[in-house]
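Heads up: the protein sequence lines correspond to chains A and H, in order.
Residue 15 in this note's numbering sits at position 15 of the first sequence, and the numbers go up by one each step.
Residue 218 in this note's numbering sits at position 218 of the second sequence, and the numbers go up by one each step.
Keep in mind the hints are simulated off the structure, nothing from the lab.
Careful, some of the hints might be misleading.
[Said to hold, decoys possible] Between beta-carbon pairs, the in silico distance windows are:
#1 Val144/A - Val337/H: 50 to 56 Å
#2 Gly99/H - Arg114/A: 32 to 38 Å
#3 Ile129/H - Ala158/A: 52 to 58 Å
Virtual Cβ for every residue (Gly too), placed ideally from N, Cα, C.
Letter by letter, the chains look like this.
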Amino acid sequence: MAYLSELLGKPVADIDGNKIGTITDVIASPRADALHPQIAAIAVKRKGVDFLIPYADIAVLVAPAVPVSKRIADIIQYQVSESDLYLARDVLDKQIIDTNGMRVVRVNDLDLARVNNAFYIANLDIGSMGLLRRLGLASVASKVAVKLGRPLSSGVIAWHDTELLPGDQPMRLKVASDKITDLHPADLAEIISDLSRSESSKFLESLDIKTVADALEEVEPEYQASLVEGMTDEKVADVLEEMSPDAAADLLAELPEERSEDLLNLMQHEDARDVRELLTYAVDSAGGLMTTEYVAVRPDLTAAQVMEVLRETANEAETIFYVYVTEADERLVGVFSLQNLVLAKPDRRVNDFMHHRIVTVMLEDTQDEVAQVVAKYNLLAVPVVDEQHRMHGIVTADDALDKIIPTAWKKRIPKLYR
Amino acid sequence: MTRLWNRLKPFRTRILLLLAVIGPGIITANVDNDAGGITTYSVAGARYGYSLLWMLVLVTLALIIVQEMSARLGVVTGKGLAALIRERLGVRWTTIIIGILLIANLANTVSEFAGIAASMEIFGVSKYISVPIAAIAVWFLIVKGSYKSVERVFLVASVIYLAYVISGFMANPPWAAVLKETLTPTFKLESGYVALFITVIGTTIAPWMQFYQQSAIADKGISVSVLPYERLDVIIGCFFTDIVAAFIMIGCAATIYAHNLPIESAADAARALAPLAGPFATVLFALGLLNASVFSAAILPLSTAYAVCEAFGWESAVNRNLREAPIFFGIYTALIVLGALIILLPIKSLVDAMLASQTLNGVLLPIILIVMLRLINDKRLMGKYVNGRIFNIISWAMVIVLIFLTGVLVVTSTFPGLLS
């Protein structure tokens, strides 16, 4: 076990005992067959420039003065490849993403572990012990801590549970790994909230459209708008198409009018039409809260036919737990749940097993009124209708209750500017 | 009509962009005219008349150079200065720099509360009432308020600085003489003059400004494409703050200096104005001091807490509320509580010590400026936004002059009587 901070600044001497210089950096290569990058070379400052000594030529890496097993003249310098990491330059003291704890932390030190004659990056030290060790206060601090009966946490996370920020990575890694894209969108939103705005823009750039869309939906519209500010119109339009229409409308409402018009023109016609309709309603009215992605069927279909319809068309819908029944003129006449549908005999008609008494809200009802209806009747979603009882969309329970139980990260500490 | 509208469109877009960007530069510059600053400018005007006005022109130029670099660092890297120092210089230097910043900012916070106490005493309010109320109000504003509303409050508060411009006019100075003295550099080799000369520079270009402005810019997420607008924000802010400073000097010079009255503080200056320029001038002057002190008592602790958390990677501990961000709120609260307590405790020497510790700013400034110049010339970090050759020569020359002057200030304030 060795710490990177202890290697840096150590003198290096060749086989004849001539000093080559002092270590300025350690280079590690990611390996396909191991989770942890392997130490490939050390950078030594020699006559003002970096001299790269391959790990194979180093007799002992962890030593008060590092001996090399060759003469200076015989050393063939290490060739850096694109994926190599300069540990001091790229990792030490930088921010990284802890994909286990879903947060952004600063690296206080790197743990290098020796396995079969090779060194690997084992862990990243993010705890206060790492900080104190680098200040030369480790032993004093741990003694005090023991006296106080509160041992200091070592705060170590394994390398494979971390991800470098896109801005600090070598070129090859501009695309985020599976570690990031597999995270729940709400966790991604937490990570974005830990970063400054420009860092988070870089972070979003490294993600694919679908992931960006999912993560953005978890973020406050106001902040969404500033995140997409730096993206190209084409990319934002793609992201908007991926988002549910109500979230897309909320985001567009936060942008300057000219830009949101440009974006709507770039979007696919159908997606844009839904969003345009939603944009006409006040943000905190039922119309502004609703989504247009719900499932509606005609009353004369059979249960079996409805199942078929669901299979074919419902993958886009926000929820299929409720299926709404509308006439040709879009008048809402009934509703049934997935449970009703599954329990109905395949040849029964919708008209026979649907509920005729429907709880609805009007387009211009306020968010409070919608939330009360949802809470009172224990609904997962409530349909939104106009005076003629024509159906326009649904408000899901989470959107309705958002105002009463704010999304966790509305309650952040004050940013200097936000 | 439509054609005219269309021709105005690019102009309109530009104004809108500017309004979106504006903020960090102006707010930073305004906090610069804090209790310590107002005291310095009043004393300068009262003791030496218009003869220090010419240097404000040069100080403004120097301030713009420093703050522009800070803005450029923030816009291009998207990181705060504390974060960049940590990433480039490692733990040890960071600890030293942040340690000094912490103490210097505590000292500055103390002087803000001193300003609150002094200005409210002019209105007949005891400091045992005004200081605790101000401390609690400032604490609640940041911890419980939404920052958006806080920013608006601050931008509106900036307008109150115009009180000094008005009180400057009320003093009815001989404008021809003022203009002449502004354009003709003079110098007196006299210890009091030299000390004040350097203090004006020290109070105008203070290290916390670079930390605060850069974090604010990074947090606001101002992109490289609008860098020219951010520059404008900085330049407007610097001019505004130094014009206000000039009016404070002019106001005191036209009245107090002209009648040869002795003053030691901004509060003295405010009182002295009443018989000379009318009681309304006193009210305006005191109100300006109160506003500046409260404004800075909120911003300074906030920016300090940010710098510390940024440097040591506690950003993420800074999550949602008080309980989940103990270090951030701990530092913020401690600075306010200590700042208010030191003013309220009847220990005169403690207060004097804290007020005199402007010296710490002087020690820190050269380090910060050299670090900034190294960072801004780093190609890997700044790409094509590194300093140009001429800009580098000017800024290095300025840094060397500033280092020399602050060196003199540190020596003279540590060993008073050296020059006399």
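Legend entry - Range hint 50 to 56 Å (beta carbons of Val144/A and Val337/H) holds or violated: Hint violated: Cβ distance 24 Å, outside 50 to 56 Å.
Legend entry - Beta-carbon spacing of Ile129/H to Ala158/A - inside the hinted bounds 52 to 58 Å or not: Given a distance of about 56 Å, which is inside 52 to 58 Å, the answer is holds.
Legend entry - Whether the CB-CB distance between Gly99/H and Arg114/A falls inside 32 to 38 Å: 36 Å, holds
When held up to the earlier numbered hints, the structure conflicts with hint 1 and nothing else.
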